[in-house]
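Q: Each chain, written out:
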Amino acid sequence: MSRAQLTSTVEQNGGGSLSSFIAGKNFLANGAMDIFQRSTSATFSSGGYFAPDRWVAIAGTSQTFSQESTIVPSGFRYSLKMLANATATLGQLQTQQVIETANAIYLAGQTVTFSAYIYGSSSTSIGIGIQYNTSVDATWNGGGWSSISATSGGTGTATTSWSKITGTYTIPSNAKTVLVQIYNNATVSSSAAIYFTGLQLELGSVATPFSRAGGTVQGELALCQRYYWRGISGASYGFLNGAGFSYTSSNAQISVTYPVTMRAIPSSVDYSSLVVQDSAAGIFSLSSITLDASVTNTIGASFAGTTSGMTTNRFLRLLGSGSTAYIGFSAEL
Amino acid sequence: MNTQIITTTNLDGTTTDHVIIDWGNNQFTSMLKADYEAQQAVQANPAQYGVR
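Sequence order for the protein chains is A and B. Using the working numbering, read the first sequence as starting at 1 and increasing by one per residue. Using the working numbering, read the second sequence as starting at 1001 and increasing by one per residue.
Careful, some of the hints might be misleading.
Stated by the list, open to error - Far from chain B by the CB rule (all over 12 Å, computed), these chain A residues: (1) S62; (2) I71; (3) S74; (4) T111; (5) S123; (6) I171; (7) S236; (8) Y237.
Stated by the list, open to error - Here are the in silico distance ranges between beta carbons for each label pair: (9) L1011/B <-> G109/A: 42 to 50 Å; (10) I299/A <-> L1011/B: 24 to 32 Å; (11) L1011/B <-> T298/A: 18 to 26 Å; (12) I299/A <-> D1035/B: 19 to 27 Å; (13) T160/A <-> K1033/B: 43 to 51 Å.
Treat the hints as calculated values from the structure; they're not laboratory data. For glycine and all other residues, C-beta sits at the position ideal for the given N, C-alpha and C.
Put together the whole structure using the sequences plus the hints.
A: Rendered as structure tokens:
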């Protein structure tokens, strides 16, 4: 019996001294759907990261992902609601999480168990799966993925009562990157919804009680910010963690420090309604921004913002023109 | 969704092409044009990242 099984199955369930919340037992960040930095509800029809942190939507048809706080199992605050806005055939209502090589390497050659709590607005067949890639830090849409057959489990039925789905797999020894996936295992009709939470991937052949990967909600947030973080102004002209100077009348040079060291140099920046305020209290809207690759790394970035009418060589600070203005950096897989 | 290409001059005098993606509703994403083109190439074949 593995240590994880021993501690979780024997000691925890038997009232032992160890807590079921053990940071690092769960290889999946945001398994309890606590963190939605981008948006708590997003509608889309193509794949990408839209709502829950670290969980990418595969989307072959229109659907809405949202953070659900009413339909949740006992002991959880949130779940992920995946709503079909049109008929979704097998696998179109799907989310995946890619585990980077620094963590996935500990799964190579091991027996693992993937588990999740599932619920459906109507009876829905659900599948879970694990895939591996022999490339370092492979991306969800970069190709090269191979599926792993479950040695047990891997399917279940979501109903109007919460239940747990589990699957056990053996990860090939040459795996460098691993992803987990959960999806509709049969066609679902428009307006049907399925809900997931408590997603956990752990060593061993037994699904033990859920534990956040980061141990606490703050730990979970920091884990997610390793891959993506977004600063939201929160108020009219709220501060957005950036400062710089007016290089020309139309070019604002701004530097931002990330809240945590990121997985890799961010490859993109999201933004909305950004302005800069100069040292004479002038406000200038930024029409576009471009990352400066030569002074961007895993702890901070510099970027150029395009505007007009500034006086050169003035101090600038980065603000949002409204409460929902934001800037976000992505180093996702 | 609309895209715009912007060419910037770096501190060392070289130039870099960026893509600005306009998602509507005043929301944008900016990335290197090379990264954008790589993403577009793989997303043209969605079957490779679905259920296998």
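Q: Taking the shortest Cβ-to-Cβ distance between S123/A and chain B, state whether it exceeds 12 Å.
A: Since the minimum Cβ distance to chain B is about 20 Å, S123/A lies beyond 12 Å and the statement holds.
Q: Between the beta carbons of I299/A and D1035/B, is the distance compatible with 19 to 27 Å?
A: At roughly 20 Å between Cβ atoms, D1035/B and I299/A fall inside 19 to 27 Å, so the hint holds.
Q: Tell me if the beta carbons of L1011/B and T298/A are separated by a distance inside 18 to 26 Å.
A: Once the Cβ atoms are compared, 20 Å apart, the range 18 to 26 Å for T298/A and L1011/B holds.
Q: Verify that the Cβ of I71/A lies farther than 12 Å from every Cβ atom of chain B, and report whether the claim holds or is violated.
A: 25 Å, holds
Q: Taking the closest pair, is the beta carbon of Y237/A still more than 12 Å from chain B?
A: Given a closest Cβ separation of 16 Å, the condition holds.
Q: Classify the label on T111/A as holds or violated, using whether its beta-carbon is more than 12 Å from each beta-carbon of chain B.
A: 21 Å, holds
Q: Could you let me know if the closest chain B CB is still more than 12 Å away from the CB of S236/A?
A: 15 Å, holds
Q: Quick check: does the Cβ-Cβ distance between T160/A and K1033/B fall within 43 to 51 Å?
A: Given a distance of about 48 Å, which is inside 43 to 51 Å, the answer is holds.
Q: Is the nearest Cβ of chain B still more than 12 Å from the Cβ of S74/A?
A: Given that every Cβ of chain B is farther than 12 Å from that of S74/A, nearest at about 30 Å, it holds.
Q: Taking the shortest Cβ-to-Cβ distance between S62/A and chain B, state whether it exceeds 12 Å.
A: 15 Å, holds
Q: Check the following: the C-beta atoms of I299/A and L1011/B are separated by a distance inside 24 to 32 Å.
A: 19 Å, violated
Q: Would you say I171/A is clear of chain B, with no C-beta pair closer than or equal to 12 Å?
A: 16 Å, holds
In this structure, the one hint that does not hold is number 10.
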